[in-house]
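A.B. asks: One-letter residues, chain by chain:
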Amino acid sequence: MTTPPDVWTALRGRRWRFLASAWPWRALAYLVSTVPVALGAAAVLVLTVGVGLLTAVLVVGVLLLAGLPLIASVVAAVERSRMQLLLGRRPPSDSVPWRTRLRALRSMPVAWPEVGYTVLLTVVLWVVDVVALNLLVTFPGVLLAAPVLVRAGAPIDMGPLQIDTATEAWLAVGPGLLLLAAGLHGVTLLAAAQASLTRLLLDPPHARLAEALAELRRSRVGLVDAFETERRRIERDLHDGAQQRLVALTMTLGRAELEIPEGAGLDLVREAQGQAETALEELRSTVRGIHPRVLVDHGVEAAVHEVADAAEVPVTVDVSLPGRLPGPLEAAAYFVVSEALTNVVRHARARSVRVHGRVAGGRLVLTVLDDGVGGANVRSGGGLAGLALRVEALDGEFAVTSPAGGPTEVRATCPVP
Amino acid sequence: MPGSLSPGSLSVVPLRIVLAEDAALLREGLRAILERAGHEVVAAVEDAEALLAYAGHTSLDVVITDIRMPPTHTDEGLRAAAELRRRHPDLAVLVLSAYVADAYVAELLDSTPGGGIGYLLKDRVGHVREFLDSLARVAAGETVIDPQVVRRLLGRRHDDGPLASLTEREREVLALMAEGRTNGSIAVALFVSEAAVRKHVGSIFAKLPLDPMSDRRVSAVLAYLRDG
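Residue numbers (the numbering used here), protein chains in the order written: chain A, 197 to 613; chain B, 918 to 1145.
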C-alpha cells in the first residue's frame, strides 16, 4: 500500500492505518515548527516597523518600511516549503523568488496575500497552534503517564479530574490512549486546515493552473521532439537498410540482364528489375511521408521542392527562407506542406497548388493554396488535425480555410526561435 | 570474359576509374558493373578523403562519387569532386545521388569548366546499359543530367531569367537537349521533323545569352538548368 499523497487523503483513510502512518508526526512537526517561524517573523517585523518608524524622517526608515513586503515574501517562501510537508506538492516555480524581488523591489507590485498571510501567522496562527498542541497532546500525554507520575509522588490535579491512587492512574491509561488517538486526529486536522489555508493564500488555484499549463506545454514539446527523433531514426534505418539493399538488388539484376541471352529468362529478369524499382519507389514515397533525407541535409526549401515534384498535381513552389531553421520547426514546416499536398491529391480535385513560405517578423508563415473543390476540415484524427497539433506544440497557429467550392488554404504560422 | 554479349553492346573504350561510395553493398555492385564493362577500377574507396588521395596521384579518366559520405553525410563527395576539378580541370566527374536536390545540381554546374560532368540518381545504375552509356558520355566531355532532374526542372515556372523569352515548345526542346538527346531523338520524342528541331535549337541559341566560344548546346543546357 503506497502512502497517500496528501494529508487529507490520509485523514479520510482507515483510522488505525492513519495512526500507524507518518502523517500524525508530520502534522505535529508542522504545528510545532509554526511557532518558531511565527515568532521569528514577528520579531523581525516588529524590529523593522519600530526602527523604520523611528527613522522615518531619514530616508533609511522609509526604505526599511518599503522592505516589509520583502519580509512577507521570505516568510511566504518558508511557508510554501513547510506546506509541502503535508500537501506534498511543490509550489509553482513561477512564483517570484525573493532574490528577484530584492533586485526589482521598486518595480515589483506588493504581494498583498503574502503580507496578509504574514500578519495572520504572526498574530493568530501560532497562538492557535500552541493552544491546540497543549490540549490535544499534553492532556492525553499526562493521562498516559499517570501511573509513573503517581508512583513518583506527583498526583494529578486537573480541576474536576483528580488522580492520586495507583488504581485510578492505571484506569486513566485507557481513556488516555483514546484521547491520544483523538488528539492526533485533531492535530492532523488542524495542521491540514492550516496548510490548506496557507496554500489558498500563497499558492492560489490559478497560479497552480498556470504552472500545470506550462508543464503541459513543456511535456507536449517534449513529445513532439521525441516523435521527431523517432521518425528520423526510422528514416535512417530505411535509408541505410532496405533502400540500399533494393538499389543493390537493381544493380545485381542489371548485371544479370547483361549475362542472360534473349528469351524467357531475360524477360523474367527484366520483370524482376521492374518490380524492384517499384518497391524502391514505394519505399521512397513512404520515407517522403516520414522524414526525407533531403530535409535533414538541405532544409525545408529543398525538401518542399522534392515533395512538390513528386505530387500528382502541378505545384508552384515559392519558398524562400533565411537559411536553416531549428529541427523541430523544419520538420513541422515540411509536414504542413507534404500533408496538405497529400490532402489536395486525395480530396481536392485541384488543377494547381501554390506553396508559399517566408519568414517575416520572426515568424515562419507557410501557406498551401489549391483551386480544388474545398470543404476540407480539421477532422479529429485526420492528417490536418495531426498538423494542427504539431504546429500548436511549437506555439504556432494552424488554420484551414476551405469553403465548399473552394479554394482551400492551409496556413501555418510559427515563431522562429 | 565477354560471355554472351555481342561486341559493341557494352562500352568499348576502357576507362580508368576511381569509385567512391560509402555503402559497401553499392560500392561492390558498381565495381562489378564497371569491371564487367571492361573498365579498370583503380580504386574503390569509402570516403572523400581517400578519394582525394587516390585521385591525386593516378592518371584517371573518370571519378564516380556518391554525394553523401562520411563523416558528415552531407555533400562530402560533391566537395571532393569540385576540389578534384580545380586540381585536374580535365578530369571527368560523375556524381551519384540518392535523391534530387537542386543545390547539388547548381553546385555541380558551377564547378570549374573542363572535362565532362554527370549527375545521376543511384537508381539509374540498375539500368546498366544506360548507366554505362552516360558514363562514356561524361568521359567524352559531355554534360549528363539525370532525366528525372530535368523533368523536375521542366515542371518549374520560369517567370523571369533568360528562359522567360523562350516559347513553350522551345523549352521542351531545351529540356530534351538537357537529357543529352540528339536533334534526331528530340524530333522523335516531340513528333516533329528534325528540321523543325534544328529551327527551334537555332532560335534557342539566338535568344539565350550564350558564350560564343563554348559549346553552345552545353551552354544552353546549363543556362536552362541554372535557371530552374
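To be clear, the hints were calculated from the coordinates, so they are not data collected in a lab. Yeah, the Cβ is synthetic: ideal placement off N, Cα and C, and Gly gets one too. It is possible that part of the hints are untrue.
Just the calculated beta-carbon pair ranges, DEER-fashion [said to hold, decoys possible]:
| hint | chain 1 | residue 1 | chain 2 | residue 2 | range |
| --- | --- | --- | --- | --- | --- |
| 1 | A | L585 | B | E952 | 33 to 39 Å |
| 2 | A | P611 | B | S1082 | 40 to 46 Å |
| 3 | A | P457 | B | A970 | 49 to 55 Å |
| 4 | A | D591 | B | E952 | 52 to 58 Å |
| 5 | A | E467 | B | E945 | 20 to 26 Å |
| 6 | B | K1116 | A | R466 | 36 to 42 Å |
| 7 | B | A1106 | A | D591 | 49 to 55 Å |
| 8 | B | A970 | A | A408 | 57 to 63 Å |
Examples of chain A residues toward chain B, derived with CB under 8 Å [stated by the list, open to error]:
| hint | residue |
| --- | --- |
| 9 | Q440 |
| 10 | L454 |
| 11 | V465 |
| 12 | E467 |
| 13 | Q471 |
| 14 | I486 |
A.B. asks: Determine for every hint whether it applies to the structure shown.
C.D. replies: Consistency of the hints with the structure:
no. : hint                           : in the structure
1   : A:L585 <-> B:E952: 33 to 39 Å  : violated (53 Å)
2   : A:P611 <-> B:S1082: 40 to 46 Å : holds (42 Å)
3   : A:P457 <-> B:A970: 49 to 55 Å  : violated (42 Å)
4   : A:D591 <-> B:E952: 52 to 58 Å  : holds (57 Å)
5   : A:E467 <-> B:E945: 20 to 26 Å  : holds (24 Å)
6   : B:K1116 <-> A:R466: 36 to 42 Å : holds (38 Å)
7   : B:A1106 <-> A:D591: 49 to 55 Å : holds (51 Å)
8   : B:A970 <-> A:A408: 57 to 63 Å  : holds (60 Å)
9   : Q440                           : holds (5 Å)
10  : L454                           : holds (6 Å)
11  : V465                           : violated (11 Å)
12  : E467                           : violated (13 Å)
13  : Q471                           : violated (12 Å)
14  : I486                           : violated (14 Å)
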